[in-house]
Amino acid sequence: MIRLRGIAAAPGVAIAPPRFLGPLAGDGAPGQVLDLDAAIDVAVEQLEALSRRLATSGRGEEAGIFEAQALLARDEELLRPARALVAAGERADAAIIAAGDDAAGVLESLEDEVLAGRAADVRDVAARVARAIRGEAPPRLTERAIIVARDLAPSVTAELDPSFLAGIALESGSRTSHAAILARALGIPAVLAVPGLLEATFGARELVLDGDGGAVVIEPSVAERQVALAAAEGQAVRQAGDRELLGRPLATADGHRVMLAANIGAPDAAARALEAGAEGIGLLRTEFTFLDRSTEPDEATQAAAYGSIMRLFGQRPVVVRLLDAGGDKPLPYVSQAPEANPFLGVRAIRLAWRRPDLLRTQMRAILRAALAEGIREPHLMAPMVSDLADLRLVRGLLDESIADAGAEELRPRLGIMIEIPSAVLVADQLAAEAAFLSIGTNDLTQYLLAADRTNPELAHRQDPLHPAVLRSIARVVEAARAAGIPVAACGEMAGEPLGAVLLVGLGVDELSMEPAAFGAVKRAVASVTVAEAKDVARRSLEVSDAELVRRLVTAATERPAPS
Amino acid sequence: MSHVTVSVRNPSGVHARPAAIFVKAAAEHPPEIRITNLTRDPGRSASAKSILGVMQLGIAQGHDVRLEADGEGAERALAELRALIEAGLGELLPP
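Here the protein sequences line up with chains A and B, keeping their order. Each residue of the first sequence is one higher than the one before, counting from 1 in my numbering. Each residue of the second sequence is one higher than the one before, counting from 1 in my numbering.
It should be emphasised that the hints constitute simulated quantities derived from the structure, not laboratory data. Take the hints with a grain of salt, since some may be wrong.
[To be verified] Rough simulated footprint, nothing fancy, chain A against chain B, three-plus residues with beta-carbon under 8 Å: (1) 8–17; (2) 31–37; (3) 74–87.
[What the hints assert, rightly or not] In silico EDC-like pairs for lysine to aspartate or glutamate, Cα to Cα no more than 16 Å straight-line: (4) A:K534 - A:E287; (5) B:K24 - B:E80; (6) A:K534 - A:D509; (7) B:K24 - A:D254; (8) B:K24 - A:E287; (9) A:K329 - A:E287.
Glycine is no exception: its CB is placed at the ideal position from the N, C-alpha and C atoms.
Looking at chain A on its own, in the form it has when it is part of the complex:
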């Protein structure tokens, strides 16, 4: 039995065999290398299976995309040039990538928005075939397993059958990485940033994954297994309890209400958020309309996407965050020089310095959608605001967009994300001109503690319970109060039970999180009175590190609530 420590990234306990994904560092065995035709068969089979699975689970729209990709994968128009390149001595994987690029280029040259978007599908298919050639074919889960990998790409996770996914253990990653967010959304445990994971788990038959304590146990002993089974049972009981909590609001034991909102990143998540009891969308990440495509989305495409979500939520607020791309999330259609520090680079609203048209198109799309859906006060939120000059720049673009869209009858509410330390320090100035503030604790923590959130070695420093982060939040809440505007929190902290209790104690008006966290957060907040939450928050501001804060809040929430 070996026990490895990592970051507890998603709660819960799982016992299952490991399943390795991606090239392995530990096994030393080279992947099987296929020729072009065998790789095509593999790719077609993968795509057809994926399409069938999505179709039978009611995701017809996505199924259609992969059905078309399966046809592309065996399309001679795509394969003929690749075969010619192979015949001329090119490596098979490079040949299919080159053929895919050429074919995608033709689609892009058509000046047809929809078809140019399909260029991404062609490249995706070529990349899949190339992976199969190199023996990197993503395995399908055929039985319940814990995924073990160095890192997990979003395109890989789309293919994993959630019903077989028992948990995720990664050698890299952090609380805010994609895999962590996915695990929390699915309600499965995840332990990330585990040094030596691949080497230690290679050949193992069974793992215990402890997403609460942040541990991976390899070949657990009988005793260890029993403890884990009991924990897994407790978890099933808790999940049943979460369903009971469904109809109840987010409130402290003595009835102090806090608004419960959802973070979503795609239109199809809106309905699930509503079913889970969201009182609004606190963070609509709009990158889904911009990423994974080779041309800029036009106004109508964006308006349709935003409008579908607004329609569902009616008069409940939907906070649309303006494009947060560039830097570490480059857009193919916005030329950008490589940056040494993308997190400190030209991203989010900073792109507006160079490409104001990007933001204006997005703003017009939001306004048009609001007009069409009869929403008089659409909520827009600017990310990466550092000071008043940034806010005024965005405000100016919004005023122009209102005129362009003929939306003078609307009263848009422009708020800002507080995620840069300078914005915390001038929060009073910002609050005087913003309609609302929303604290993005993920980036705020990274910037405040100078800890790169993509660096696994610093993952333990990425802790939003750090007193410096808590003091920043207290300062922002104070500024919002003085200006008479609402303040929300929309980082991962809001969706963690201890973090949520602290945020309520610090006086935040709204918590926005992944809907899967609603139950656990409601239960934690209901375990304290508002006075207790304030008391533990006040004491947490005075201690020296996140671990002490964690202990203080744990003690406060575990004390039986006064009857």
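With the hints as your guide, set chain B onto chain A.
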């Protein structure tokens, strides 16, 4: 050589999903079938059995396409594909 001409009414043109439906239907028929987008480029045609070829024709709403086939079953294939396009290739058409 038989041929038919038909107008595409799909709001987003022949993008991935409608193209997939069209190509699969074409593949059911033995004869070679060529498709030309008369509106965009009458000089360029593609195999109706290639999704990439069909997408690369850039068929948008309102474009006229010409289908050609030869040999046994050609007439039936063209009639069927034409009906499929007129019915919207699996998508709802505007009134």
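The hints, checked one at a time:
1. 8–17: Per the Cβ count (5), the hint holds.
2. 31–37: Result for this restraint: violated, n = 0.
3. 74–87: violated (count 0)
4. A:K534 - A:E287: Roughly 36 Å separates the two Cα atoms, so the pair is violated.
5. B:K24 - B:E80: With a Cα-Cα distance of about 12 Å, the restraint between K24 of chain B and E80 of chain B holds, given a limit of 16 Å.
6. A:K534 - A:D509: holds, 13 Å
7. B:K24 - A:D254: Violated, at about 62 Å.
8. B:K24 - A:E287: violated, 33 Å
9. A:K329 - A:E287: holds, 9 Å
Of the hints listed earlier, those the structure fails to meet are numbers 2, 3, 4, 7, 8, in rising order.
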